[in-house]
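S.K.: Given next are the chains, with one letter for each unit.
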Amino acid sequence: MLEIGQQAPDFALPGIDGQTHRLSDLLRDHRAVAVIFSCNHCPYVRAWEGRMIDLQREYAERGVALVAINPNDDVRYPDDSFEAMKQRAQEQGFNFRYLRDESQEVARAYGAERTPHVYLLDSSGVLRFRGAIDDNYEQPEAVQHTYLRDAIEAVLAGQTPPVETTPAVGCTIKWRE
Amino acid sequence: MKVQFLFWEDCPSHPEAWQRLHDVMNELGIEAEVERIEVTTEEEAQRWGFRGSPTILVNGQDIDPQPDAPARLTCRLYFHEDGRPSPLPSRGMIARALEAARDRDPSYAEKGPQNA
Chain A
1 MLEIGQQAPD FALPGIDGQT HRLSDLLRDH RAVAVIFSCN HCPYVRAWEG
51 RMIDLQREYA ERGVALVAIN PNDDVRYPDD SFEAMKQRAQ EQGFNFRYLR
101 DESQEVARAY GAERTPHVYL LDSSGVLRFR GAIDDNYEQP EAVQHTYLRD
151 AIEAVLAGQT PPVETTPAVG CTIKWRE
Chain B
1 MKVQFLFWED CPSHPEAWQR LHDVMNELGI EAEVERIEVT TEEEAQRWGF
51 RGSPTILVNG QDIDPQPDAP ARLTCRLYFH EDGRPSPLPS RGMIARALEA
101 ARDRDPSYAE KGPQNA
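Here the protein sequences come in this chain order: A and B.
Each residue of the first sequence is one higher than the last, beginning at 1 in my numbering.
Each residue of the second sequence is one higher than the last, beginning at 1 in my numbering.
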């Protein structure tokens, strides 16, 4: 698994916008990049989705990009197909990039285990935070620790995030058999 | 009253759902035993009509029937009363299913929960 302080592996993945998105390009253009392994079908993702949209909206002007990557096997889970991803993004008004990791190689390279699983990178591509978006998937109003938000603020300020790792909470990634 | 709690170990929501189910049963004074059933294979998921973890059956009826959802090993998506998606059934959803089963069971009214 990618550890705090390590350089994140580069990737080039197709997005639902028809473009290929390369991490190295994103890092060049942003002060921080939150790579979030995600998917369509997982209820944990659904529960946090609105907060992902809020974070991208709030931090876009400050040079932060959220990038959701769906690595799930779409044979056993057809609701995670590329076409279904496009539909989901349109329905929910995703304002972040939504990429498909068909080979699952990127998820394996990062050591991702669940969806959602967050990897916050600084502008050098170094991992600064890994884990959950916050500490309450079910009740946004009851969140006590906004892990990702706090980590973004720290990275933008050139500081160490107050919490650098948490367990990822969510559905297991659906690996191909 | 027959209550069954079906879960898939890979989905982390089942301990909280199990606790929530028992909390609601306690609040309602329902003392039925809960049968805990682990679903471990796709074949078992098909056999049970398991639409994700956790699934709660009261007298064989799903507390949140989702006939269009496929039976498979996955975390289950619930929608709470306010439309919010969640991996957990709401307390209200559990309570309504238990109360409906209790109301349909004449022995509950006659004998009380211990003897029903």
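None of these hints come from the bench; they were simulated from the model.
It should be emphasised that the depicted structure is a prediction, and the values quoted were computed from it without experimental measurement.
Even glycine gets a Cβ: it sits at the ideal position worked out from N, Cα and C.
Just so you know, not all the hints are guaranteed correct.
[Stated by the list, open to error] Some chain B residues close to chain A (C-beta under 7 angstroms, calculated; not the full set): (1) Asp10; (2) Leu28; (3) Gly29; (4) Cys75; (5) Gly83; (6) Ser86.
[What the hints assert, rightly or not] Pulled from the structure, derived: some chain A residues nowhere near chain B, Cβ distances all over 12 angstroms: (7) Pro9; (8) His21; (9) His41; (10) Val45; (11) Arg57; (12) Asp79; (13) Gln139; (14) Pro140; (15) Leu156; (16) Pro167; (17) Val169; (18) Thr172.
S.K.: Next, verify each hint and record whether it holds.
M.R.: Verification of the hints:
1. Asp10: This hint holds: Asp10 (chain B) lies near chain A, its Cβ roughly 5 angstroms from the closest one there, short of 7 angstroms.
2. Leu28: 21 angstroms, violated
3. Gly29: Where the cut-off is 7 angstroms and the nearest Cβ of chain A is about 26 angstroms from Gly29 (chain B), the hint is violated.
4. Cys75: 5 angstroms, holds
5. Gly83: 11 angstroms, violated
6. Ser86: 5 angstroms, holds
7. Pro9: 26 angstroms, holds
8. His21: 26 angstroms, holds
9. His41: It is violated; His41 (chain A) is separated from chain B by about 7 angstroms at its closest Cβ, not greater than 12 angstroms.
10. Val45: Its Cβ does come within 12 angstroms of chain B, the nearest being 9 angstroms, so this is violated.
11. Arg57: Non-interface label stands for Arg57 (chain A): nearest chain B Cβ at 19 angstroms, farther than 12 angstroms.
12. Asp79: It is violated; Asp79 (chain A) is separated from chain B by about 9 angstroms at its closest Cβ, not greater than 12 angstroms.
13. Gln139: 9 angstroms, violated
14. Pro140: Check fails; 9 angstroms does not lie beyond 12 angstroms.
15. Leu156: 30 angstroms, holds
16. Pro167: Violated: least Cβ distance 9 angstroms, not greater than 12 angstroms.
17. Val169: 6 angstroms, violated
18. Thr172: 5 angstroms, violated
Consistency with the previously given hints fails for numbers 2, 3, 5, 9, 10, 12, 13, 14, 16, 17 and 18, ordered from lowest to highest.
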